[in-house]
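Please assemble the complex out of the two chains, which come individually in their own frames, going by the hints.
So the protein sequences, as listed, match chains A and B.
First residue of the first sequence? That's 1 in our numbering, and the numbers climb one at a time after it.
First residue of the second sequence? That's 1 in our numbering, and the numbers climb one at a time after it.
Calculated from the structure, these hints are not laboratory results.
Keep in mind it's a predicted model, so treat the numbers as computed, not measured.
Each residue gets a CB set at the ideal place from its N, CA and C atoms; glycine is no exception.
Some hints here could point you the wrong way.
As the list claims (entries may be wrong) - To be clear about the criterion: a stretch of chain A counts as covered by chain B if any three or more of its residues have a C-beta under 8 Å from a C-beta of chain B, and this derived list gives those stretches:
1) 48-58
2) 97-104
Stated by the list, open to error - Each pair of labels, with its calculated beta carbon distance range:
3) A:D29 / B:T102: 26 to 36 Å
4) A:Q83 / B:G82: 26 to 36 Å
5) B:D220 / A:K120: 52 to 62 Å
What the hints assert, rightly or not - Here are the computed lysine-lysine pairs in the DSSO-like style, where the Cα-Cα straight-line distance is at most 30 Å:
6) A:K18 / B:K92
7) A:K139 / B:K285
8) A:K127 / A:K139
9) B:K289 / B:K54
10) B:K92 / A:K22
11) A:K118 / B:K289
12) B:K289 / A:K116
13) A:K232 / A:K31
14) A:K127 / B:K248
15) A:K139 / B:K92
16) A:K120 / A:K31
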Amino acid sequence: MKEEILTTQDLHLYYGDKEALKGINLNFDEKGITALIGPSGCGKSTYLRTLNRMNDLIPNVTITGTIKFKGDDLYAPSADTVQIRKEIGMVFQQPNPFPFSIYDNVIYGLRIAGEKDKEKLDAVVEKSLRQAAVWDEVKDHLHESALALSGGQQQRVCIARVLAVSPEIILLDEPTSALDPVSSSQIEATLLNLRHDYTIIIVTHNLQQASRIADRTAFFMNGELIEVDQTKNIFMNPANKQTEDYISGRFG
Amino acid sequence: MNSKTQNKIAIGGLYGIAGLVVLILLALLGYILVSGVPQLSWHFLTAPGKAFLKGGGVGIQLYNSFYLLILAMLISFPIALGAAIYLYEYAKDNWVTTTIRTAIEILSSLPSVVVGLFGFLFFVVKLHLGFSILSGAFALTFFNLPLLTRSIEDSLRTISDVQREGGLALGLSRWETVTRVILPAAVPSILTGVILSAGRVFGEAAALIYTAGQSAPALDFTDWNPFNISSPLNPMRPAETLAVHIWKINSEGIMPDAKAISSGSSAVLVIAILLFNFAARYLGKRLYKRLTSA
Ligand SMILES: Nc1ncnc2c1ncn2[C@@H]1O[C@H](COP(=O)(O)OP(=O)(O)O)[C@@H](O)[C@H]1O
Ligand SMILES: [Mg+2]
Numbered sequence: 001m002k003e004e005i006l007t008t009q010d011l012h013l014y015y016g017d018k019e020a021l022k023g024i025n026l027n028f029d030e031k032g033i034t035a036l037i038g039p040s041g042c043g044k045s046t047y048l049r050t051l052n053r054m055n056d057l058i059p060n061v062t063i064t065g066t067i068k069f070k071g072d073d074l075y076a077p078s079a080d081t082v083q084i085r086k087e088i089g090m091v092f093q094q095p096n097p098f099p100f101s102i103y104d105n106v107i108y109g110l111r112i113a114g115e116k117d118k119e120k121l122d123a124v125v126e127k128s129l130r131q132a133a134v135w136d137e138v139k140d141h142l143h144e145s146a147l148a149l150s151g152g153q154q155q156r157v158c159i160a161r162v163l164a165v166s167p168e169i170i171l172l173d174e175p176t177s178a179l180d181p182v183s184s185s186q187i188e189a190t191l192l193n194l195r196h197d198y199t200i201i202i203v204t205h206n207l208q209q210a211s212r213i214a215d216r217t218a219f220f221m222n223g224e225l226i227e228v229d230q231t232k233n234i235f236m237n238p239a240n241k242q243t244e245d246y247i248s249g250r251f252g
Numbered sequence: 001m002n003s004k005t006q007n008k009i010a011i012g013g014l015y016g017i018a019g020l021v022v023l024i025l026l027a028l029l030g031y032i033l034v035s036g037v038p039q040l041s042w043h044f045l046t047a048p049g050k051a052f053l054k055g056g057g058v059g060i061q062l063y064n065s066f067y068l069l070i071l072a073m074l075i076s077f078p079i080a081l082g083a084a085i086y087l088y089e090y091a092k093d094n095w096v097t098t099t100i101r102t103a104i105e106i107l108s109s110l111p112s113v114v115v116g117l118f119g120f121l122f123f124v125v126k127l128h129l130g131f132s133i134l135s136g137a138f139a140l141t142f143f144n145l146p147l148l149t150r151s152i153e154d155s156l157r158t159i160s161d162v163q164r165e166g167g168l169a170l171g172l173s174r175w176e177t178v179t180r181v182i183l184p185a186a187v188p189s190i191l192t193g194v195i196l197s198a199g200r201v202f203g204e205a206a207a208l209i210y211t212a213g214q215s216a217p218a219l220d221f222t223d224w225n226p227f228n229i230s231s232p233l234n235p236m237r238p239a240e241t242l243a244v245h246i247w248k249i250n251s252e253g254i255m256p257d258a259k260a261i262s263s264g265s266s267a268v269l270v271i272a273i274l275l276f277n278f279a280a281r282y283l284g285k286r287l288y289k290r291l292t293s294a
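Chain B extracted, bound-state conformation (with noise of 0.2 Å):
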């Protein structure tokens, strides 16, 4: 067999898998959105939940999705920031470094339960924040801030050092030059990456179980309030999001349309992280535009 025919198999094999992971894609994709759109309606998008009767919505719960991810965001940027840069633009090659990104490497690579167990231990349990949005919002901190880290020193790494060099030949420090050429440059490439960890975080249920807890008390959308219980801003309350309500559902639900609020639900953190994603390529694309042409 000459090269050729091989090379030919070769890109056939190839272009095979390829399609073959398209194609399951678009069938799961399709089956979410098929048995779950017709579930939606304004209704169910912002009605509480009902236990026992049909006819219930996920508003709550898609609110406290959205609380959480806030908040989540909210404390892991600076860090996932102040740690990227650290590495990136400070930190010597030595061996300190190496550990912090072998520490950062295994974090990220640790299953979500992991996260969601320690959170339960140290958060809930431990420091008596109980099942609570905080709790939770410290677990998905766990599970964000190594891929949020990871993905802002990809975005500096894509500027060139050629850039670094023209910030200090023109007299900036070593600050000025990260603070004011390097990350404004990076800006773009930033978002896109925050916005798509927004979407894996939107999507985590395991980290979220034992530490959010698994119950959605009625909000008041009228007391904002944090200190409050009943306030939507109070970050003491239990909080259960879209995908723990999902796997919930599934594994306990009685009330008798739970199969079609079950598909509604997933319908709509579908759609909620594919506009994620959509968001993520718009803004970047858009903001890139703008820092380098007319």
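Next comes chain A alone, as it looks inside the complex (with noise of 0.2 Å):
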């Protein structure tokens, strides 16, 4: 039997009176990779987004229940958020490196945590970089500025950054959807790679992508959690007539 890493119980979320989500049931085994779908403004990044916190940078939102990581209660007063972001990352839509150089993107984090040792550095930008699958394209240009990269290097470089400060639990929102079909695939298998190590949690409107790298898949729609299962079952044997019809393309 697998820990439970993360669960959600009965979590409501609000903007001012606007419910976006009406009490998700959510829980998520160590390792392997659950995918989030469901139609636009459903609820997915919103859910998404309070599993590290970063709902709590918009104004006026509130929120109940309660989202444990290990058994800590995540929204606790005495809770870390810049804690809680390190072990529970996020890469997103828009590949965001910062203007600076490869290298230094990799290791923002772990510099700005205080690390110096250069040999130490050097070898988590590899390792990071391996493990997201771009080292070979961008070892030869380490020192040079992450922007000038494609899209998808890009985003495997982010994700990168994200590997870097070894966080537990890795949050995705939709990373392929503004890239080209060859580096959504890369991506794919960036995200296989990491599978056995990670816990990971993505958004994808695409569901071909859900079924072809997800282990579980969760359906959401109108801010409720409608069904959670293993995803061959969520896309060959549904229990629920609304999760039929979203996959089979009748909505959405």
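Encoded structure:
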């Protein structure tokens, strides 16, 4: 039996008066990939961002319910958001490398945490870029600007940047929707490599993508979790009529 | 009349207006440079002025202009940077912020004569700073602060929010995100804004006439002890700047070559400001390139 690393219980989120999440109960086992799917505006990003407290940045957000990371309440008054975000990293839809060199991008988190040992930093850069499957493409110009890379390479550098701070969970919000198909499949391959070592939660509106990479898939609609199951069950044999309609392209 | 011809007429009109503006500008610049540049010489740029005789230079005024500019920037830049960071990165959108923004807006549209008279009453008279570099630098700070704050805020605005989210999501604190991600990324554009505002400060006269004063006592460029009255570094001495000098010669200059000195000074001022502008563009572009490309 695997450990549950992250649990959400009766999670509600309001933007002002608008209820965007209506009581989500969803737990994640350690390791593996979970895909969050559902029509746009159903609350996938909102849910994902509650998991590393990125919604804290938005004014007028109210959150109720419980989220626990390894048994600790993520929203306890004593919880340290900075620490949480180191353990629960995030990759965004738009690749957002900092306007610095590739090397500096990858070690940014560590360097700010005070790591100065050049050998150690070099090692982390190589390891993270290898894990993100972009090392061979960038190893000869580590000290050039990350903004000079293609979108797909930038996104993998962003993944490496997250890996460099050794998170346990990686959240990805439609990481390939701004990329071309070749880059997208490279990112997918990268994620498949990482699934043995990290707990990965990915929002995607691309159903094929979910079916290709996810171990488990959760279907959201109108702020509710409709169904969550092994990916093949969701796609071949969904328990819920709404899931079936969505999967078969009848709406959304 | 169909919309196509309407469009053509409108575009033609706009081209005409734009062309007219450029023409006026070129004529002005041309006039100043043509009448001023022949007066320029090494002697003119470095020699002290003469009150009654011909052959004086603007060395002291030129030096004063730069010294005041640097002092004013040293005072106003940290304040403006702090204010801009607070306003853009931290302040909530409430009435306090709105009030501060409005105040900055009003300050920035204040005529510089008013700033000068305020500086005279407050720094020169009330605080007993006298006609001095320091009074002038404070007045310039008042003049410069709102412009600089706004320009730095605009620079911060050009950095996309995805960069802020990227920093925070990496486990950086808010402050680390601002200082280690946003500010470095905004440096080229902040620098451009600083140099452009330096150009404006450099050419400012009205705010200085009653604060830094209208006299340029002789300076001893071998004496760098700021407490000596003839030291160039002394912040308590009166210091006429180039822009004030031009105003003064034209209103009450009695040296025989007043006209020539005025033209020469104007040319120096215009050239300096043009250099500031070109430097701003060049440095901004260079830095941006270094940040964003191989
Ligand atoms: N910052 C916000 N303020 C107010 N409403 C928001 C905000 N972000 C998202 N919403 C609303 O919350 C709902 C869920 O949005 P989101 O989580 O982005 O959906 P998804 O990622 O599934 O497309 C939508 O109706 C959206 O309009
Ligand atoms: Mg979304």
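Violated hints - listed by number, lowest first: The structure conflicts with hints 3, 9, 14, 15, although it agrees with all the remaining ones.
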